[in-house]
Structure formats: C-alpha cells, structure tokens
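**Q** Each chain is listed here by its residues.
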Amino acid sequence: MSLLRAMIVPGWTRIIPGLLLCVVFAFVVMNIDHMLSKYHKADVASTRIPDLKRRLALATAAGDKKATVRLGKALKKHRKALKKAGGKVGQSWSWATFLYQKLQFKYVAMLLLGGILIRNVFGVHKIFRPGIAVGRPLIKPGIIILGVHYIWSDVLRVGGAGILLAAVFIFGTAIAVMWLCRRFGVSDGLGGIMGAGTGVCGVSAIIATSPVVGAKPRDMAYAIGTILLFGTAMLFIMPYLGQAMGVSQSQFGAWAALAILNTAQLIAAAEWYGDEARNTAVLINAARIMLIPLIVVFAVWFYGLKSKGQDIGFWSTMGKKFPVFILGFFLLILLNSLGLDSLGGPKTAGTPFWAMNAVYKWFFAIGFAGIGLSISIDDMKKAGGVAFLIGSGAALAKMILGLIAVLIIGSQLLRVTGGQ
Amino acid sequence: MKTISSSDKGAAASLTPEKREDLWAILIASGVLVVCLVAPDAIHNFFKNLIYLL
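Note that the protein sequences, when read in sequence, are chains R and Z. Take the first sequence: its letter number 109 is residue 109 in my numbering, and every next letter is one higher. Take the second sequence: its letter number 1 is residue 1 in my numbering, and every next letter is one higher.
Isolated chain R, as found in the complex (with noise of 0.2 Å):
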C-alpha cells in the first residue's frame, strides 16, 4: 500500500496541461508524418510498378518461379500503396519524397525541431512544464515494448559486443575526463559527475552520481547543459553524417549508443535513421545503463571518498541505481524466445505481441514531444568553461572513437535478427 502510495506524487494533477500537450503535439505529428510517409510510397509505386510489370512477365516467361514470386509480391505491395494514396501509375508526388526521404523529415525531427521552435520562439507557460518533464520519460515504456522484437541470440550477439563497447568506452571515457579536470583544476563535484555524465548516460547518470561526489546544484547545471548541449547538436548531425559516409543501420545504431549521451535523445537518432539502427542502439544502451551503478562506484574510488553518512557499498549502489524499467525490456524478450502461441510475435498477425508492435511508436512520440519541448537554450547556455571543453572534448573524442569501432566490428555482430 505504501508502494502504491509512494508511486503517486503529490499534486499530480499538475502534470495533466503539459502531458495532454505533449500528446496532442505528438499526434498532430504521426500524422503529417503519416501522411507524407503515404505519398512517398505513392510517388515510388508510381515509377515502379511499370518496371515490375516488365520484370515480371520476363521472369513468367523464362518459367523462374522463385523471380516470379517475388516480383508478384513486390507488384502487389506497391499497387496497395497507389491505392491508399488514391492515385494512378504516371502521377507524381516528389514533394513528398524530397521532404521525406531526402531531408528526412520525419515524425522524430518534426517532433524535436518543432518542439525546440515552440519552446524557444514562442514560448511555453510555466502550466504546462511539469507534464512535458513527465512526457520525456514515456519513452521507457515505449523501450520495455520493444523487447517483442528481440530474441536471446540477439542479446548474446549483440549484447555481448555491445557491453565490450559499452564498457570500453564508458571507462574511457569517465576516466579521461575525471583526469582531465582534476588537473585542470575543477572541482571533485563537477568533474566526477562530467565523467559519469560523458561517461555513461547523461542526465541519469549526472543525478546518480551528483550526491556520492558531493556536486553543487550549478555544477549539475553546467553538466546537465553540457550533455544536453552535446546530445540535441549530435542527434541532428550524426544521422547526416551516417548517410553521407553510407554507416550501415546495424552501425550506426551501435555509433548512437555509444556516442549520443542521454537514453531518449540517443534512441531519436536511431529511429530517426531506420528500424534497424533503433533496434541495435536500444539493445546496446541497455547494456550502456545497467553500468550506470558501477560508475557511481568507480567515482567513490577515484576521488577516494569516504562514506560520510552515505551507504555507498557496492550492493548498495547497485540497489539503489539500477534501472529498473531494463528488467521489463528483458522479461519481454524472455518471453518473445519463448515463442509461445498465446502470445505470438511483432510480425504474427492477430496476435497479442503484434498488437503492441503498432504501440510502442506512439510512446516514443510522446517522449519525443516532452524532449523538444524541453529543450531551453537559455539552459544550455548554462554550460560554460573548462568542464565544458573537457566534457565536450571527451564527448566528440568518443563520437570519433566509436565510429571507428563500430565500422572495424562490422554490421553483422551488431545485427538484430529478431529471430528471421
């Protein structure tokens, strides 16, 4: 009963202006992406399907049934997205597939962007601030979801290279930049939690490791700025980058995990890239968060801290800092292995795991929403001097560093399979 009551905070009606608002962005959203998504399908068909048609009858008549089947298939789809643009085969929609494709124009840049312009241009009321702080954190429902599309090799596969790379460049990087100011001469507070912040996840991590390394609340904010700053500029160049240097959706979801700082901005990136690129980068911060307890240890070591009061054991830590939210991710994968009947899989239709495959979008839109919405560049100005250059130093060092890794490992290691 005490859990239930802790669950709810109080005053929680305050939430309800800022989340319904970031709901309503969200589905105006889906829905101009939706629809662009229809016509940039349409505007392919249309130039396709005269080809296919040509392909196919050559393919019938060389008696190949392997090309014939295939092609029919091929036919078929594309016919379906000419008709749900209600249009006929010679008409086009270029504008869509420039905005959509080429400019990438899509439900999360639309989301991020807008909700940047809105918070910084035209402003939001401070009514709505506590729901939009509520809305970012939506995406881990959205993130447990997706376990439906993970089976146990991929974790083993994936997982496995994605903790080596996990673990390699956290305490890297944790260490450098640790280093970095102590002998520059910032304080203990903030540059242990720079280390953990650049570090690891971000804005978790920063919160986690703030109490242990006794940070001042502006030295959360010039750390939290520094991420915040670091991961909106990253987010928007890398996927860019990616496609310019043709990385790999495999890779660049890994090249994400690695190098984009905060959970919610990293898996924006990724899904912003592809599905396949979402899937891996979600699977390898998974792995990057569950660390987030051992750097809170490692800072205890590093700065050499005495317990003053604090139970900062390793269990202890380990207890109070493990996210939680991982445990439902990886129970659906559990279950998704499985392969029961009852509940089916992303791709069986009718089937319980399919039904929540068409879900789990709308929680990262919601999140998406909250994110844009939050971003203030007034706090990200707040970000300044030399913890600032370290962290932002450490923080392109490892995007750099990781995009070697990522393209020495290869696609396949990283891979999600699904189980196809």
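Be careful, since some hints might not be right.
[As the list claims (entries may be wrong)] Which stretches of chain R does chain Z cover? Using the computed rule of at least three CB atoms under 8 Å from a CB of chain Z, they are: (1) 4-15; (2) 136-143; (3) 240-254; (4) 322-332; (5) 350-356.
Note that these hints are calculated values from the structure, not bench results. Predicted model, so just to flag it, every value in this text is computed and none were measured. C-beta atoms are modelled at their ideal positions from N, C-alpha and C, and glycine is treated no differently.
Given chain R's structure and the hints, the job is docking chain Z onto it.
**A** For chain Z alone, coordinates are given in the frame of chain R:
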C-alpha cells in the same frame, strides 16, 4: 486549497524519481500487454489505421 498530508509526502519521498519513473513504465507496459492479450486486432487496427486522420 487542498493540503498535502505529511504521510503522503513521506510515502513519495521513499522512492527516487528515477525508480518511480521505472515502476510506472513497467506498469504502463504491463497494461498495454493485458489490453493486447484481450483485443489484439482492435488495438492494432486503432494504432495503425483509425488514429490517422490524414
């Protein structure tokens, strides 16, 4: 104006914000699973078709 009781404040303080978020996430995902167990076709149709007006 409604005042917040001290016992309510105490109960809320026993969970960190992150833990509270995580538990709500698990609760919401569980709710989605239950609803999808009961009516998978309706849920799929709603989120893939009905909800889109454009």
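**Q** Would you say the segment 136-143 of chain R counts as covered by chain Z, given the rule of at least 3 residues with C-beta under 8 Å?
**A** holds (count 5)
**Q** Quick check: the segment 322-332 of chain R, covered by chain Z? Criterion 3+ residues, Cβ under 8 Å.
**A** holds (count 6)
**Q** Are 3 or more residues of the segment 350-356 of chain R near chain Z, judged by a Cβ distance of less than 8 Å?
**A** That given contact holds, which follows from 7 residues of the segment 350-356 of chain R lying within Cβ reach (below 8 Å) of chain Z.
**Q** Check whether three or more residues of the segment 4-15 of chain R sit with their beta carbon closer than 8 Å to a beta carbon of chain Z.
**A** holds (count 7)
**Q** Check, residue by residue, whether the segment 240-254 of chain R contains three or more positions whose beta-carbon lies closer than 8 Å to a beta-carbon of chain Z, and give the verdict.
**A** violated (count 0)
Of the numbered hints stated above, the single one contradicted by the structure is hint 3.
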